[in-house]
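2 protein chains.
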Amino acid sequence: MARINDHYLKLSRGYLFPEIARRVAAFTEQHPEAELIRMGIGDVTEPLPEACRVAMMKAVDDQGRHNTFHGYGPAAGYAWLREAIAEHDFKLRGCDIDADEVFISHGCKGDCGHLLDILASGDAAHGGNVVAVTDPVYPVYVDTNVMAGATGPADEHGEYPGLVYLRCTAENGFVPAIPGQKADLIYLCSPNNPTGAVIDRAALKRWVDYANAHGSILLFDAAYESYINDDAGDDIPHSVYEIEGARTCAIEFRSFSKRAGFTGTRCGYTVIPKALVGRDAVGRPVGLHGLWQRHQSTKNSTVSYIVQRGAEAVYTEAGRAQCDGLVRFYMENARLMRAALTAQGFTCFGGEHAPYLWVQTPGGLSSWAFFDRLLAESHIIATPGSGFGRSGEGYFRLSAFNARATVLEAMERLSTLAVA
Amino acid sequence: MARINDHYLKLSRGYLFPEIARRVAAFTEQHPEAELIRMGIGDVTEPLPEACRVAMMKAVDDQGRHNTFHGYGPAAGYAWLREAIAEHDFKLRGCDIDADEVFISHGCKGDCGHLLDILASGDAAHGGNVVAVTDPVYPVYVDTNVMAGATGPADEHGEYPGLVYLRCTAENGFVPAIPGQKADLIYLCSPNNPTGAVIDRAALKRWVDYANAHGSILLFDAAYESYINDDAGDDIPHSVYEIEGARTCAIEFRSFSKRAGFTGTRCGYTVIPKALVGRDAVGRPVGLHGLWQRHQSTKNSTVSYIVQRGAEAVYTEAGRAQCDGLVRFYMENARLMRAALTAQGFTCFGGEHAPYLWVQTPGGLSSWAFFDRLLAESHIIATPGSGFGRSGEGYFRLSAFNARATVLEAMERLSTLAVA
Numbered sequence: 304m305a306r307i308n309d310h311y312l313k314l315s316r317g318y319l320f321p322e323i324a325r326r327v328a329a330f331t332e333q334h335p336e337a338e339l340i341r342m343g344i345g346d347v348t349e350p351l352p353e354a355c356r357v358a359m360m361k362a363v364d365d366q367g368r369h370n371t372f373h374g375y376g377p378a379a380g381y382a383w384l385r386e387a388i389a390e391h392d393f394k395l396r397g398c399d400i401d402a403d404e405v406f407i408s409h410g411c412k413g414d415c416g417h418l419l420d421i422l423a424s425g426d427a428a429h430g431g432n433v434v435a436v437t438d439p440v441y442p443v444y445v446d447t448n449v450m451a452g453a454t455g456p457a458d459e460h461g462e463y464p465g466l467v468y469l470r471c472t473a474e475n476g477f478v479p480a481i482p483g484q485k486a487d488l489i490y491l492c493s494p495n496n497p498t499g500a501v502i503d504r505a506a507l508k509r510w511v512d513y514a515n516a517h518g519s520i521l522l523f524d525a526a527y528e529s530y531i532n533d534d535a536g537d538d539i540p541h542s543v544y545e546i547e548g549a550r551t552c553a554i555e556f557r558s559f560s561k562r563a564g565f566t567g568t569r570c571g572y573t574v575i576p577k578a579l580v581g582r583d584a585v586g587r588p589v590g591l592h593g594l595w596q597r598h599q600s601t602k603n604s605t606v607s608y609i610v611q612r613g614a615e616a617v618y619t620e621a622g623r624a625q626c627d628g629l630v631r632f633y634m635e636n637a638r639l640m641r642a643a644l645t646a647q648g649f650t651c652f653g654g655e656h657a658p659y660l661w662v663q664t665p666g667g668l669s670s671w672a673f674f675d676r677l678l679a680e681s682h683i684i685a686t687p688g689s690g691f692g693r694s695g696e697g698y699f700r701l702s703a704f705n706a707r708a709t710v711l712e713a714m715e716r717l718s719t720l721a722v723a
Numbered sequence: 304m305a306r307i308n309d310h311y312l313k314l315s316r317g318y319l320f321p322e323i324a325r326r327v328a329a330f331t332e333q334h335p336e337a338e339l340i341r342m343g344i345g346d347v348t349e350p351l352p353e354a355c356r357v358a359m360m361k362a363v364d365d366q367g368r369h370n371t372f373h374g375y376g377p378a379a380g381y382a383w384l385r386e387a388i389a390e391h392d393f394k395l396r397g398c399d400i401d402a403d404e405v406f407i408s409h410g411c412k413g414d415c416g417h418l419l420d421i422l423a424s425g426d427a428a429h430g431g432n433v434v435a436v437t438d439p440v441y442p443v444y445v446d447t448n449v450m451a452g453a454t455g456p457a458d459e460h461g462e463y464p465g466l467v468y469l470r471c472t473a474e475n476g477f478v479p480a481i482p483g484q485k486a487d488l489i490y491l492c493s494p495n496n497p498t499g500a501v502i503d504r505a506a507l508k509r510w511v512d513y514a515n516a517h518g519s520i521l522l523f524d525a526a527y528e529s530y531i532n533d534d535a536g537d538d539i540p541h542s543v544y545e546i547e548g549a550r551t552c553a554i555e556f557r558s559f560s561k562r563a564g565f566t567g568t569r570c571g572y573t574v575i576p577k578a579l580v581g582r583d584a585v586g587r588p589v590g591l592h593g594l595w596q597r598h599q600s601t602k603n604s605t606v607s608y609i610v611q612r613g614a615e616a617v618y619t620e621a622g623r624a625q626c627d628g629l630v631r632f633y634m635e636n637a638r639l640m641r642a643a644l645t646a647q648g649f650t651c652f653g654g655e656h657a658p659y660l661w662v663q664t665p666g667g668l669s670s671w672a673f674f675d676r677l678l679a680e681s682h683i684i685a686t687p688g689s690g691f692g693r694s695g696e697g698y699f700r701l702s703a704f705n706a707r708a709t710v711l712e713a714m715e716r717l718s719t720l721a722v723a
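Chains B and D, in that order, give the protein sequences.
Just so we're on the same page, the numbering used here is the position in the first sequence counted from 1, plus 303.
Just so we're on the same page, the numbering used here is the position in the second sequence counted from 1, plus 303.
Some hints here could point you the wrong way.
When chains are identical, the list treats them as one kind, so a pair holds in a single copy or across two.
Distance condition first, Cα-Cα at most 20 angstroms in a straight line; then the derived EDC-like pairs of lysine to aspartate or glutamate [unchecked claim]:
#1 577 to 386
#2 577 to 545
#3 577 to 680
#4 485 to 512
#5 508 to 399
#6 394 to 365
#7 485 to 346
#8 577 to 309
#9 394 to 336
#10 313 to 583
#11 485 to 426
#12 577 to 512
#13 577 to 390
#14 394 to 620
#15 394 to 675
#16 361 to 696
#17 394 to 538
#18 577 to 534
Treat the hints as calculated values from the structure; they're not laboratory data.
This structure is a prediction, so every number in the text was calculated from the model and none was measured.
Input sequences plus hints: build the corresponding full structure.
Right under this line is the structure:
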């Protein structure tokens with residue numbers, strides 16, 4: 304009798320987005336004439352940069368000729384892409400990362416989840432790791448750990464016993480503080496989804512020091528690093544490897560999704576330094592780089608040659624300029640949104656180094672109550688903050704990924720909403 | 304202190320291909336002038352079909368315009384691709400498979416491995432599944448189960464206690480017999496890599512009946528189904544779902560890699576019927592379709608829109624004709640190879656419904672001894688059968704994925720090799 308992974312049954316039922324869809328459908332049925340504006344979705348809207356398209360056209364053509372045809376590629380990705388990444392994203396920022404420490408992936412989400420395969424599963428009482436996540440949090444970090452057995456079933460708040468929740472609130476600037484208890488794996492996301500907060504150099508150094516002191520591993524999600532505004536100074540690291548000591552305690556996830564409009568084209572990468580070790584059952588150090596290499600050769604299908612050529616073009620002069628243009632476009636949306644909301648009396652966070660605004664609901668409304676009001680009065684769909692965790696209650700998330708005209712129309716509609 | 308997955312340490316060190324590379328390097332150093340022919344690699348050599356390239360060119364272009372740009376796609380793949388697959392690969396063969404039972408993937412290998420995530424991990428004594436594999440075997444089935452803790456450390460033959468090995472030999476036509484003991488998960492690959500053997504309708508029906516009787520799951524790898532020669536009659540099923548009862552006991556893996564030359568372009572799919580259940584810890588049935596949907600939405604990055612458009616073109620009239628042409632080309636290689644080897648006195652299996660020939664070594668030589676001789680005398684690189692498992696000893700695998708001129712040259716060289 305084939306047995307399933309019972310841990311899947313602990314997962315709460317992906318409440319957030321289905322519930323949004325349910326409420327929107329109910330509203331649309333009653334008001335079929337309403338023109339809804341979706342401000343909740345973290346998906347890009349602008350076309351793929353021309354440099355990437357030209358490179359992929361050529362790559363498709365390559366696949367049509369005997370002498371340029373590419374079959375199975377290397378498990379960790381093509382050397383030319385790994386080298387471009389190491390050079391531009393790390394060496395030019397002074398980070399000591401080699402091309403063979405870069406593993407090309409289909410995107411952050413998959414790697415975040417699959418990475419747990421090389422780490423001990425189960426809860427801490429049975430040899431597993433103590434896992435710390437922020438609250439609010441990108442749900443993938445939590446759900447993949449539930450699937451791996453790191454937790455008990457969800458409690459009445461939707462939180463899982465066994466996880467350490469690092470509360471991120473307006474009081475601490477939405478930057479998680481070092482916990483009093485030990486944590487073996489710590490997920491950090493900066494710039495943050497959903498809050499838009501960033502971790503500065505000093506705070507990140509404290510995390511690196513903590514991790515090295517405790518043999519912990521930082522899982523640093525930098526999917527939004529290209530949205531950091533360097534004109535504000537160099538106080539915000541783009542990579543965890545800008546911090547001394549990170550090579551022995553940190554894995555970094557990156558994506559071309561938001562930087563180059565690759566959400567539908569799919570490519571990202573994960574960095575695992577050769578100096579990074581975990582411990583086996585008897586406490587001996589084992590390099591994670593070798594374990595991940597083995598995972599990738601055995602369990603992972605490589606990224607399409609065509610897509611890897613598209614990603615390589617991100618690092619050409621034209622590609623860099625076009626990607627910068629995309630980021631500037633979305634961040635101008637964020638600026639317009641933040642200005643309009645602030646003028647309107649809303650208390651806004653984020654939107655300065657991230658394409659997300661994290662906004663307090665007016666009048667102490669719950670996230671869902673304000674969601675309903677925004678939908679009914681302004682025909683705007685936001686994301687209720689409580690969907691990202693307990694500390695998200697009383698907030699909503701707005702995304703700057705939209706056409707300019709849509710953003711302006713949304714802000715126009717909001718201007719008639721009574722806030723006080 | 305972060306703990307690793309100790310099961311990875313049980314893996315033998317990917318002996319086969321590194322050892323081939325070592326011996327080839329040593330030979331090349333001594334004989335730098337030798338023109339080696341690689342007949343060991345299961346990677347395609349012919350260009351991608353024009354229909355797929357045209358579709359991908361258009362898809363790249365789509366990504367360049369606001370009104371045709373595609374961001375995040377559905378977790379299980381686009382409906383248009385799933386529908387084309389359900390129609391052409393299943394309904395037209397009389398199989399009761401719906402589009403929403405088809406999950407688009409990056410390829411068989413990844414899905415074979417990741418599928419274990421929704422099943423109980425650990426060995427059978429601790430709530431895990433009893434896993435049966437054939438011998439010889441595609442190593443991914445074994446290694447991914449070792450990683451999931453289904454086995455003990457490898458024994459002196461490289462076999463893992465805890466696995467049930469189904470011996471496939473010339474005596475049973477390389478088709479595994481139903482085991483005397485229970486097995487919860489059973490990997491079947493037909494047409495087979497490496498032996499080229501196929502499971503006929505009657506034999507597959509016995510497996511389906513066994514699985515339904517015991518609540519087992521068949522993991523049916525049909526990556527090479529397009530190589531089945533239907534002119535030989537309809538006795539060899541292309542899909543496990545051609546067998547009555549398979550919807551309640553089988554998962555099927557498919558790939559465009561060998562059928563459409565997608566080894567570097569990357570796309571495949573996995574079928575999980577809604578009628579298929581596993582059991583939870585207290586014996587209740589749980590649908591695997593829902594668990595896999597949850598796995599895919601949480602842990603999997605979707606396949607590129609561009610690549611999915613390329614795969615869709617496989618089902619157009621032009622695409623089908625071009626893919627058929629590829630298969631005919633490689634199978635003509637196989638026919639030429641089989642004729643030449645047989646004329647030469649070799650005992651050959653496979654090569655009739657699969658692009659692989661499974662050949663007995665002459666004079667009772669071990670697989671590695673003959674590998675060395677073939678390299679030294681004919682400058683041909685084969686794959687030693689023993690690398691696929693104990694029952695592969697005394698065999699070698701030759702691949703028909705090569706240019707015609709290369710195949711002819713290889714057979715010419717072999718004709719001077721003394722076999723008796």
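Outcome of the hint check:
no. : hint       : in the structure
1   : 577 to 386 : within (16 angstroms within a copy, 44 angstroms between copies)
2   : 577 to 545 : within (16 angstroms within a copy, 49 angstroms between copies)
3   : 577 to 680 : neither (55 angstroms within a copy, 41 angstroms between copies)
4   : 485 to 512 : within (13 angstroms within a copy, 51 angstroms between copies)
5   : 508 to 399 : within (16 angstroms within a copy, 58 angstroms between copies)
6   : 394 to 365 : neither (30 angstroms within a copy, 34 angstroms between copies)
7   : 485 to 346 : neither (35 angstroms within a copy, 48 angstroms between copies)
8   : 577 to 309 : between (34 angstroms within a copy, 18 angstroms between copies)
9   : 394 to 336 : neither (54 angstroms within a copy, 40 angstroms between copies)
10  : 313 to 583 : between (27 angstroms within a copy, 12 angstroms between copies)
11  : 485 to 426 : within (14 angstroms within a copy, 30 angstroms between copies)
12  : 577 to 512 : within (18 angstroms within a copy, 49 angstroms between copies)
13  : 577 to 390 : within (17 angstroms within a copy, 48 angstroms between copies)
14  : 394 to 620 : within (17 angstroms within a copy, 49 angstroms between copies)
15  : 394 to 675 : neither (48 angstroms within a copy, 44 angstroms between copies)
16  : 361 to 696 : neither (49 angstroms within a copy, 45 angstroms between copies)
17  : 394 to 538 : within (18 angstroms within a copy, 60 angstroms between copies)
18  : 577 to 534 : neither (33 angstroms within a copy, 54 angstroms between copies)
Of the numbered hints given earlier, the model fails hints 3, 6, 7, 9, 15, 16, 18; all others are met.
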